[in-house]
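Fit chain B to the known structure of chain A by using the hints.
Single-letter residue listing:
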Amino acid sequence: MFLRSAARFLTSVAFALLVAAPAHGQALLNVSYDPTRELYQDVNAAFAKYWQKKSGQTPSVRQSHGGSGAQARAVIDGLDADVVTLALAYDIDAIAQSGLIRTDWQKRLPQNSSPYTSTIVFLVRKGNPKGIRDWPDLLKPGVQIITPNPKTSGGARWNYLAAWGYAQKQPGGNETKARAFVGELLKRVPVLDSGARGATTTFVERGIGDVLLTWENEAYLALDETKDKVEIVAPSVSILAEPPVAVVDKVVDRKGTRAAAEAYLQFLYTPEAQDIAARRHYRPRDQAVAARYASSFAKVKLFTIDEVFGGWQAAQKSHFADGGSFDQIFKPIGRR
Amino acid sequence: MTRHSSNRRRVLPGFKVTLTFTIAGLVLVVLVPLATIPARAISAGPHALLLAMTDSRVISSFRVTLTTAFAAACVNAVAGPLVAWVLVRYRFPGRRVFDALIDLPFALPTAVAGITLAGLYGPNGWLGRPLAALGITVAFTPLGIVVALIFIGLPLVVRTLQPVIEDLDVEIEEAATSLGAPRTAVVRRVILPCLYPAWLTGFSLAFARAIGEYGSVVFIAGNIPMVSEIAPLMIVTKLQQYDYAGATVVAFVLMAMSFVLLLTINALQGWSARRLAG
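Protein sequences, first through last, are from chains A and B. Under the working numbering, the first residue of the first sequence is numbered 1, with each subsequent residue one higher. Under the working numbering, the first residue of the second sequence is numbered 1, with each subsequent residue one higher.
Next comes chain A alone, as it looks inside the complex (with noise of 0.2 Å):
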């Protein structure tokens, strides 16, 4: 077991060194974050019989994956990437920041560039025997919760942010007892890993905690690899989760790879690609997709994190920046 998690590691190690290797002819280099590694892996076969039909050229696209801020502070120290497919729009504002992307990048593409959403759900052990439906199951006694740190972790700032949305939502909810709700949850806490897929790992394959907080997709895929050990549990509120993607303009510009990168990017809204992406577990955003796969999605009602928080930049500052609420929570704990 921990063998089989030990050469996944090293072999996604060798991989992201095999990909950080220099760019050779029209490859187009997608730096994206932990989960969507099976999704790309996909997309780009059919985006390479797709792009050969309509332009006559064979791209490769190559992948990255990590956990978004460090893939997003890879592509501010150099790394060549065409396009960013990142967990959390604030990732790839913070790109833009630095001058690579221009700064209108959210509006380029439908949907709030996200061609597909997701959400977060729970994974609990085989027949679920700590009996969790939904959010206040979480702090029941004994109960252990397997979720990243939010400071490195995209997909944990989703978690965080989820659970806090909830507790403000409920009836007679507020922000003080929405900060109680989730400081109750993170006591729960055992290890905060890096980020969702590590999470993954420390939940279904060494067997920590009662129920994990994670990706929909991650959660499916998690399932599909351990058929009897894990169970999905889909809250009643939850958020919506749109990880966006963007075309990298000064490397696509440098690199003469502008005419492939946007075609990529807008192949990803297309019913083939979308097709794939609710196969993999994500959200499709074409209508017919979604109803075709409508029985496969959880019915979650969802709130977006414009609606409940401002919008990204003003969750970072609020929650996850230095001094931010995650760190008030903790604070107190060294005291003890």
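Quick caveat, the hints were computed from the structure, so don't treat them as lab data. Backbone N, C-alpha and C define an ideal beta-carbon position, used for all residues, glycine too. A portion of the hints provided could be inaccurate.
Here are the simulated distance ranges between beta carbons [what the hints assert, rightly or not]: (1) B:Ser258 to A:Glu184: 38 to 48 Å; (2) A:Thr103 to B:Phe15: 56 to 66 Å; (3) B:Leu134 to A:Glu184: 25 to 35 Å; (4) A:Asn112 to B:Thr36: 30 to 40 Å; (5) B:Leu134 to A:Gly324: 35 to 45 Å.
Which chain A residues stay away from chain B? Per the calculated CB distances, all over 10 Å, these [stated by the list, open to error]: (6) Gln41; (7) Lys107; (8) Leu109; (9) Gly127; (10) Asp137; (11) Thr176; (12) Lys227; (13) Asp249; (14) Val252; (15) Ala259; (16) Ala290; (17) Tyr293; (18) Val300; (19) Ala314.
List time: in silico SDA-like cross-link candidates among lysine to any residue, alpha-carbon distance up to 20 Å [unchecked claim]: (20) A:Lys187 to B:Arg57; (21) A:Lys229 to B:Asn124; (22) A:Lys187 to B:Met226; (23) A:Lys317 to B:Leu51; (24) A:Lys317 to B:Tyr244; (25) A:Lys317 to B:Gln241; (26) A:Lys54 to A:Glu262; (27) A:Lys107 to A:Glu307; (28) A:Lys331 to B:Gln241; (29) A:Lys331 to B:Ile235; (30) A:Lys187 to B:Thr141; (31) A:Lys331 to B:Met226; (32) A:Lys331 to B:Asp55; (33) A:Lys317 to B:Asp243.
Below, chain B without anything else, positioned relative to chain A:
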């Protein structure tokens, strides 16, 4: 002793070439990268320096790093000499295998060590489960950090002491005994003084290595802010938040610690060598 100031007296040629390589290599590989850290920290400005250093999360991460590294180095300072002594002085089946195994923590990627230890000491692990029954949790607590640091530090102490123990002349111990020295006196007055400088070096190497260790620790630490977050993790965390200045400041403090530590140990060694000679 005459000084070798000209090449004529050397048996092997190539002094200038090798010296050039040595200096160029040291400057490029060691000096320049190390110099950029204080340079960056200073360019961040005194305000950022102060802000980063007074952050309670950063302070507690240094506390965690220093206490766990010290604890692990102390354990290794006791276990290391024992292991080295056994491997040098006794002959037993499998000795060579054990001797080779000592280097494993060096050769193993630290992440693998971390994953393995976390699995072993985790609540469902071979060792974690019986320990949990005794009320001891190792994985995802500061104790887990100490375990990982003992693992990576042990070979440093053993390998530093081994050659010194090999050089010890058994005849001197025999002479001391035949002159009527009791066993404790042989250990205290004859053996330990010879081992002392190497023992200090081994301890300091293990301590310095433990302060900087990241790969194996993050898997077993739990990484809970204020409790089990180590200083090197703070660097990574700050970088993830695009806080380059804050990350550099933490790096600078870690570097300064290593420096002070190594200088202190060098001074101690010089002192003990002089004492031995005199």
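Okay, the hints, checked on the actual structure:
For the pair Ser258 (chain B) and Glu184 (chain A), the supplied restraint of 38 to 48 Å holds, since their beta-carbon distance comes to about 40 Å. Checked against the hint of 56 to 66 Å, the C-beta distance between Thr103 (chain A) and Phe15 (chain B) comes to roughly 59 Å, which is consistent with it. At roughly 29 Å, the beta carbons of Leu134 (chain B) and Glu184 (chain A) sit within the given window of 25 to 35 Å. Between Asn112 (chain A) and Thr36 (chain B) the CB atoms are about 39 Å apart, so this pair conforms to the stated range of 30 to 40 Å.
Separation of Leu134 (chain B) from Gly324 (chain A) is about 39 Å and conforms to the stated range, judged on CB atoms against 35 to 45 Å. Interface exclusion of Gln41 (chain A) from chain B stands, the closest Cβ pair being 24 Å apart, more than 10 Å. Separation of Lys107 (chain A) from chain B is adequate, the least Cβ-Cβ distance of about 23 Å exceeding the 10 Å criterion. Listed as a non-interface residue, Leu109 (chain A) keeps its Cβ farther than 10 Å from every Cβ of chain B; the least gap is roughly 24 Å.
For Gly127 (chain A), the requirement that its beta carbon stay farther than 10 Å from each beta carbon of chain B is met, with the minimum near 17 Å. With a least CB separation of 21 Å from chain B, Asp137 (chain A) remains clear of the 10 Å interface cut-off, as annotated. Interface exclusion of Thr176 (chain A) from chain B stands, the closest Cβ pair being 21 Å apart, more than 10 Å. Non-interface status of Lys227 (chain A) relative to chain B is upheld: no Cβ of that chain comes within 10 Å, the nearest being about 20 Å off.
Every CB of chain B lies more than 10 Å from the CB of Asp249 (chain A), the least distance being 19 Å, so the non-interface label holds. At roughly 23 Å, the least C-beta separation between Val252 (chain A) and chain B is larger than 10 Å, which holds for a residue marked as non-interface. Distance check on Ala259 (chain A): its Cβ is at least 31 Å (rounded) from any Cβ of chain B, clearing the 10 Å threshold; non-interface status holds. With 10 Å as the threshold on Cβ separation, the claim that Ala290 (chain A) sits away from chain B holds: the shortest Cβ distance comes to roughly 33 Å.
Consistency note on Tyr293 (chain A): stated as away from chain B, and its beta-carbon is indeed over 10 Å from all of that chain's, at 34 Å minimum. Consistency note on Val300 (chain A): stated as away from chain B, and its beta-carbon is indeed over 10 Å from all of that chain's, at 28 Å minimum. Every C-beta of chain B lies more than 10 Å from that of Ala314 (chain A), the closest at about 16 Å, which supports listing it as non-interface. Among the hinted pairs, Lys187 (chain A) with Arg57 (chain B) is consistent with the structure: their alpha-carbon atoms are about 17 Å apart, no more than 20 Å.
In summary, the hint linking Lys229 (chain A) to Asn124 (chain B) is supported, as the alpha carbons are separated by about 15 Å, within the 20 Å threshold. Proximity of Lys187 (chain A) to Met226 (chain B) is assessed by CA-CA distance (about 12 Å); at most 20 Å being required, the pair is judged to hold. Between Lys317 (chain A) and Leu51 (chain B) the CA atoms are separated by roughly 17 Å; this keeps the pair inside 20 Å, and the hint holds. Note on Lys317 (chain A) and Tyr244 (chain B): the hinted pairing holds, with a Cα-Cα distance of about 17 Å set against a maximum of 20 Å.
Of the supplied pair hints, the one linking Lys317 (chain A) and Gln241 (chain B) holds, its CA atoms being roughly 11 Å apart against a limit of 20 Å. Proximity of Lys54 (chain A) to Glu262 (chain A) is assessed by CA-CA distance (about 13 Å); at most 20 Å being required, the pair is judged to hold. In summary, the hint linking Lys107 (chain A) to Glu307 (chain A) is supported, as the alpha carbons are separated by about 18 Å, within the 20 Å threshold. Using a Cα cut-off of 20 Å, the hinted pair Lys331 (chain A) and Gln241 (chain B) holds, with the two alpha carbons roughly 19 Å apart.
Between the alpha carbons of Lys331 (chain A) and Ile235 (chain B) the distance comes to roughly 19 Å, so the proposed pair stays at or under 20 Å and holds. A threshold of 20 Å between alpha carbons decides the hint, and for Lys187 (chain A) with Thr141 (chain B) the separation of about 14 Å falls inside it, so the pair holds. Among the hinted pairs, Lys331 (chain A) with Met226 (chain B) is consistent with the structure: their alpha-carbon atoms are about 7 Å apart, no more than 20 Å. The straight-line distance between the Cα atoms of Lys331 (chain A) and Asp55 (chain B) is roughly 10 Å, inside the 20 Å bound, and the hint therefore holds.
Under the criterion of a C-alpha separation no larger than 20 Å, the hint pairing Lys317 (chain A) with Asp243 (chain B) is consistent with the structure, at around 13 Å.
Comparing the model with each numbered hint stated earlier shows that all of them hold.
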